[in-house]
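One letter stands for each residue in the lines below.
Number of protein chains: 2
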Amino acid sequence: MQKKVNIEKAIRRKYPEQVVLVTTVKPNGGTNVMAVGWVAIASSEPLMFMLGIDDGAFTYELIRKNREFVVAFPHDGMAAEVLFAGSRHGHDCDKISKCGIKVSKAAKIKAPLLTDAVANFECKLVDIYRPGDCPLVIGRVIAAHENVRAGLKRLYTVAPGHKLSGVKPAIVKIKKNG
Amino acid sequence: MQKKVNIEKAIRRKYPEQVVLVTTVKPNGGTNVMAVGWVAIASSEPLMFMLGIDDGAFTYELIRKNREFVVAFPHDGMAAEVLFAGSRHGHDCDKISKCGIKVSKAAKIKAPLLTDAVANFECKLVDIYRPGDCPLVIGRVIAAHENVRAGLKRLYTVAPGHKLSGVKPAIVKIKKNG
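Taken in order, these protein sequences are the chains called A and B.
Everything in the first sequence is counted per the working numbering, starting at 363 for the first residue and increasing by one.
Everything in the second sequence is counted per the working numbering, starting at 363 for the first residue and increasing by one.
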């Protein structure tokens, strides 16, 4: 049964929410990294991602400048790195060195891959679209990489307050429908 | 370690992926329902959702006509209904009656709530945006409802082939970072 509640209350039922890390190249050649939770596939052919990145983010500034970035799926052992990347500001802090995330060379762009991620997607900026209070960055995937460890699981935000975890499928039986 | 692979292969590492059900009103006054996996929050204030809905979908036609719809989070016991809603075409089939999904009256729009869902969001169409091969429907939430059962868990797509399940958080320890 449904009960009408504040929008802010109802949206707290959204978890688990996916989280990705986004790498960009800084003016000094170093790498910046940011955690993004508002993310979805936006096109199949070609594959595109939509990322909600706030106006003040260093990543947003660097994406507009470089017009390229990497979307990485962190694994379920990277909670500390994701929390750090998502709660510190790239203008003030070299997040990559501070949290010890390993990076490796991408195939087609300058922004690096995250060596330990489940998968990495090299993206070219297609558009920035703003239907509400947040710029939505659209990236076209031009190359992809996956971790050689096949069983590696993605990290998710599992509860309010940036509570991060892996998630285990709890298989439910699908009854037959007409 | 990363290995460069086809984009189609790497994106199969995306799971669990969220899935929502979208209700719309049909010209005969009945309800249509569709499952959508390309979904993300697109704005905070006001709250907006982005939904990737393919051109041929009855839902897409009805959203353009009515300019309103409901986004519902199915619970982990609704796998059969979601699979049915996502694999049958609303033009040919009254999906609501066929799979026995219960609906109830919304507060501000004609499209109904799903009575058993984890939460329901009444949306007004803001825009349709197409960066790639899929229309992205942007809806502004104008009212929200949640299930009175607080512990109810959302359903997710947990593997390729529309394999649906609940997901159990597997809490990982966050080590301290400087």
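One or more hints might be untrue.
In this list, chains with the same sequence are indistinguishable; a pair is considered to hold if it fits within one copy or across any two.
Taking lysine to aspartate or glutamate and the DMTMM-like style, the derived pairs with C-alpha atoms no more than 25 Å apart in a straight line are [what the hints assert, rightly or not]:
1) Lys365 x Glu407
2) Lys525 x Glu379
3) Lys388 x Glu370
4) Lys467 x Glu370
5) Lys376 x Asp438
By construction, these hints were calculated from the structure, which means they are not laboratory data.
No experiment lies behind these values; they were computed from the predicted model shown.
Against the structure, the hints come out as follows:
1. When the C-alpha separation of lysine 365 and glutamate 407 is checked against a cutoff of 25 Å, the pair qualifies only between copies, where the shortest distance is 22 Å, while the shortest distance within a copy is 40 Å.
2. For the identical chains of this complex, lysine 525 and glutamate 379 are neighbours both inside a copy (10 Å) and across copies (18 Å), given an alpha-carbon limit of 25 Å.
3. Taking the closest pair of Cα atoms, lysine 388 and glutamate 370 never come within 25 Å of each other, the shortest separation being 35 Å inside a single copy and 29 Å across copies.
4. For the homomeric pair lysine 467 and glutamate 370, the shortest alpha-carbon distance between copies (21 Å) is at most 25 Å, but the shortest distance inside one copy (41 Å) is not.
5. Taking identical chains as interchangeable, the C-alpha atoms of lysine 376 and aspartate 438 lie at most 25 Å apart whether they share a chain (19 Å) or sit on different chains (13 Å).
Comparing the model with each earlier hint shows a violation of hint 3 alone; every other hint is respected.
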